[in-house]
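K.L.:
Here is what each chain is made of, one letter per residue.
Protein chains: 2
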Amino acid sequence: MIKQVVIGIVCGAVMLAVGILIGHFGTGKRGTAAPSWVKDVARDVDESLVEKFLSEVDNTQIENNLRELTKVPHMATTSGDEETVKLMLKRWQDPESGLDKAWREEYWVYLSFPDPEKPNKVTVVSPSDTVLHTVREKEKPYTPDQVDPEVVQPYAAYSPAGHAKGKLVYANQGKPSDYSELNRTMDLSGTIAITKYGGVGRADKAINGAPYGVAGVLVYTDPLDMNDGLMSDINETYPYSWYLPPSGVERGSFKSQFGDMLTPYLAAKEETYRIPPSDIKGLPPIPIQPIGYEDAYKLICELDGDPAPPSWQGGFNCTYNYGGPGFKSTSSFNNSEVELDIYNREEVKPSSNVMGFIRGSVEPDRYVIYGNHRDSWVHGAIDPSSGTSVMLEITRVLGKMVKQGTWRPRRSIIFGSWGAEEFGLIGSTEYTEQYFTALSERSVAYINVDIAVFANATLGASGMPSVQNIIFKAAKQVNAPGRDVSVYENWLHYTNKTSPTHGLIPRMGYLTGAGSDYAPFSHYLGITSMDISYTYDKSKTNARIYPAYHTAYDTFDYASKYIDPGFVSHQAVARTAGNVLIRLADSLVLPLNCTDYADSLEEYLKTAVNLYEEKLKAVNISMEPLKHAVTSFRAAVLALEKVIQSSDLANEMPLKVRWINDQLMLLDRAFLDPLAFPDKYAYRHVIWASSSAGKSTFPGLADAFANAESSEQASDWDKVHYHLSVLSQAILRAASTLTDDMQM
Amino acid sequence: MIKQVVIGIVCGAVMLAVGILIGHFGTGKRGTAAPSWVKDVARDVDESLVEKFLSEVDNTQIENNLRELTKVPHMATTSGDEETVKLMLKRWQDPESGLDKAWREEYWVYLSFPDPEKPNKVTVVSPSDTVLHTVREKEKPYTPDQVDPEVVQPYAAYSPAGHAKGKLVYANQGKPSDYSELNRTMDLSGTIAITKYGGVGRADKAINGAPYGVAGVLVYTDPLDMNDGLMSDINETYPYSWYLPPSGVERGSFKSQFGDMLTPYLAAKEETYRIPPSDIKGLPPIPIQPIGYEDAYKLICELDGDPAPPSWQGGFNCTYNYGGPGFKSTSSFNNSEVELDIYNREEVKPSSNVMGFIRGSVEPDRYVIYGNHRDSWVHGAIDPSSGTSVMLEITRVLGKMVKQGTWRPRRSIIFGSWGAEEFGLIGSTEYTEQYFTALSERSVAYINVDIAVFANATLGASGMPSVQNIIFKAAKQVNAPGRDVSVYENWLHYTNKTSPTHGLIPRMGYLTGAGSDYAPFSHYLGITSMDISYTYDKSKTNARIYPAYHTAYDTFDYASKYIDPGFVSHQAVARTAGNVLIRLADSLVLPLNCTDYADSLEEYLKTAVNLYEEKLKAVNISMEPLKHAVTSFRAAVLALEKVIQSSDLANEMPLKVRWINDQLMLLDRAFLDPLAFPDKYAYRHVIWASSSAGKSTFPGLADAFANAESSEQASDWDKVHYHLSVLSQAILRAASTLTDDMQM
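Line order of the protein sequences matches chains A and B.
Quick note on the working numbering: the first sequence kicks off at 4 and runs consecutively.
Quick note on the working numbering: the second sequence kicks off at 4 and runs consecutively.
Here chain A stands alone, though its shape is the one from the complex (with noise of 0.2 Å):
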């Protein structure tokens, strides 16, 4: 009995093992075995790897990679930048902690330099040709930082090389307005006219009073705009704190384009052909050279002529006169005049792009693009090395994820460190030009930190509404250094705003400028675009930028003691655009918010209607299709989310949620029109383009209309007219692209 009772178990369990391998591998026609793509494919942001990675990000290896990276000036295409871009293929391609491949892409791009054999000069010379006063040739040292022999003078790159001499005035900003309010009393043929950095761009300087016959022009800083109003370096100004020193002075690319100006439209390769550098358009015609205003004071102050406007008084405690032309009579200046000799050279060299790449998982053919460019004036501890120092970090605690195999995006992630940013955006540039279909049909978002902290007080951000959302979520999850908050909440205390859907949230920006290397992408390429830092405290400061922007005093020094001492501020925006790039990377659904998109372009509507409507009626020009679009848009984005919400696309067909995705991603592009500003360089972007016109909507309309309102004249109309029906159509084809079919 035990032994039937032993071979009826042993049979049963037989059986029952044999059924289960028959239900599990023969019973194919009612559930075949999932795939083991199929979990693959609905892959999430794994929450507790961004906890890791939040943790992992160390602001003492961002220290030490800012030390790194500001052992020696690196101005672009000089030994010190080949360094850097050595460091960078090192450390992308270190076996621990890496990336999956990193390489150089080079370019052959248009760069000023000043002579290092005959430097450039500005004197005050008398009438018998005696130098009264020759202006400081570089910055005064207060480290060894300043006496290395690769920190470049100060100079106006694209300034054309030649002498200038003449009486001097004083031009307060070199605005239009300026000049023709000089020229209302005097004739300003031959003069050289002294400026102040702001108000418009460096080359306008030069620009704007070539035509009334001034010869030469000076620009410097005034401590009233960045040193809320202090000047000693006794004990005011750095190396005792982080304003600007009297002999500091902001070097800059002075031209009106970005890109390699020889080759536009296309990568400056070798070979590529190069336009003769006569045609290039927007150089200052006439030489131009920054001072700091150590120098500016002794000369403004000895000014004859009227005094200026109260709008035009500045810093010094002096009253800022037009100047006779000339300084004043009982000045030692008395009929001198002011000569610049200015020996910059202009010079097609290599510049080096250094790229990195982890491969998605998933998607592989969808990027998402992080970058910072890497060339700097002198040391440039802030600018970009701050930013460098914070991607590098990102890079290294990604890379050894990825390396120890714990992690791989869903989609593939580009690292870029550009080359010649500071001569205008070259290296990004030329990137998006060599790539721009590939990246066109790829790009998922780009995130720029160039200036990763300005200053220590909140996170400050730029970019198409539709990234607003990831950012909040991002700066949510991280600690505001130095206070019991969110980076979130720290930003909401600093500057908001309420909105429609949300209630208060921070303020971020929209990027309508071409301040950095997201100029390419967002405008020229249209894609999805941030721009992320840590910034000031406006209660505090009226500076206009960090004061050693630009200047040799942006060191590791400058930036350890008065930037961010502890490097915390630094670690907070790398945790926050961390965040961002691995959220971006790893969604399912692609976090890109449509309905911020219709909100900020309904407020732009609004703004447009009130300001213009009324006019443009009596010109017999109807806003009624503009109006129609905007109400398209939001339709179209209210039925997209709607199919996100009903849908449970984790568990649907993979393709659905690529489709979606598609949507999202490609949403920018739609408001591209290559014809829209056919004097604008590469701008195409019918919603975000840069504008003159100064108004909180549509950039085109409102330069078309301010422009129209001025020459009343018909043709000027008609011109607003033709751009509101560019922009209403890319409206309604961006709308377009949120349905299947484009039925409308």
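By construction, these hints were calculated from the structure, which means they are not laboratory data.
Any given hint could turn out to be false.
Which copy? The list can't say, so a pair holds if one copy fits it or any two copies do.
[As the list claims (entries may be wrong)] Below, computed lysine-lysine pairings styled on BS3-like, alpha-carbon distance capped at 25 Å:
| no. | residue 1 | residue 2 |
| --- | --- | --- |
| 1 | K659 | K331 |
| 2 | K284 | K722 |
| 3 | K93 | K168 |
| 4 | K659 | K104 |
| 5 | K630 | K124 |
Once you have looked at the hints, place chain B on chain A.
P.N.:
Relative to the frame of chain A, chain B by itself:
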């Protein structure tokens, strides 16, 4: 014992059943049941469905379609046109055999019509103002079709209204060289030039003459160019054959660019901004009128002056003289002048596209587009109704399968019945302007079947090289009408070439012009396009096109008697084009072959090197970058083909086949450069743009070279160099889109 055995068996059976259940439902970890969509995403072409489609395409249905479409003339925006709009909508909205949906897209477009109250007149007037001859106002009737009051008088659309009177000269085809030849020996100012069709675009015949002071132009079809010399309507021409009767006149659009001319690069909606008509470029500056050869004969054979060169002679039984200017002294027209009284009027009128849509089941956001225009000049039996009849038969068969639930394509299909094509591809161009973003991003291919049957000898096809493969495959599955071979084998017999990859294959053409609605898709959007038809035995006729083209004789009677009796060639085209459509819509991997693209680029390169390299070296322009680009393209193609061949795409992650398909789909987009051809409206594809140089190679290079070679100016050689950079970078860009990470 038996009892125990029974219990044992029952137990065993129970255990087995339990085991099966556990195995089936309880072993989730190792093999969850596959979701039902796993099969759907791997769906490929169903060959039995293709066979069903081929067998259901019915020649009688096509014949009936053509009869219905050609009941009345249906020139764009006329009541006859509106009837065809309603017919298309009715068919496509039919509950038994219609599409998922169909709708109308309306544009307000700039057209040109003769004045029905004041017909255009061409007369021979004696010095005493006696009218000695009046050119026939309308074509001579042979069937009731020609007497329909809706038959539009022959005219040159967009010829300016006006009166021109002068001595007649014979200017051959009105090419620049023709007028300059005449100008060698006579003063052309104030003359009327009579020209033949052919050689240059219609409008050019007036544009080229105007600078010489020519006051008006006549144009006619020479019997040698169209009728193989035959010209008697007693027994030789229609209604006795397919040849053009003596009074037949080719109407046409006399303009140089396609699309609505008042709204360049914008959709011509009612509210869209319109440029002033005076700003339109490329229109005839002087009156021009087409006439029949019956009248041309009377004029040309009376001309005085020297005999024109042999190449200018035509089919008339007289010597074609240059003209005195004017007529022979022995002629009854002695001393007479020819007068043109043109009353054409331009109007902005609403024109409709009819759109049809079948939603894709797996990839609804991928479009295969199939289109043809709907408007004709008169009854338009061949142009365009042969194509429309074929399209309606394809949609009937497919629509029935969709309505019956037996088929739904993997990708979406868009059908377009375009309006106002005869006035310059207006409906299709406005559609691409309105939706260019979504169309660029989502379109797999565009299939154009306009004139479906020119003649009944063989299939003919043109397109991007990547579609050759799929057209061949489709053609192999269709029987050639009246022959015992496939359409493919029949085609191979008529026209063939030897390919390095495939051996002997039928010779396909490239779409380098703007002859039909493929142009905005291929040239402006860079969508892979093709044009399919049945066509001539070139050994049997020299006709420039089928002789009734754009005349009042292009009727159902003509088509059914002389073009395709029995409609079997129509049927073969419907089967071939429909098969291509189904395969593009249903294939798992898109059947677009980039190896064939590389072959074509290498062929173009070889020709370019042969023609240009030596001369370019002499002016210091290197072709190496272009060679490098073509080599890189080939390498990228090989790499992609290797990926495709080494993958098991039906069983791998469905996003893999999607990204491979996206690379294939978007390849042509990478060749676009909006700045490559600044003087050619909407031409942006650097490989297939139109060219005037007449060389089988890269069009922009060929034209720039021809220009520089004739001017020998350094600035023109610079343009060659510039275009070489544009071209090389576009090819490299295309190569980079065939990789995942853009690293070449």
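K.L.:
Does the structure break any of the earlier hints, and which numbers would those be?
P.N.:
1, 3, 5
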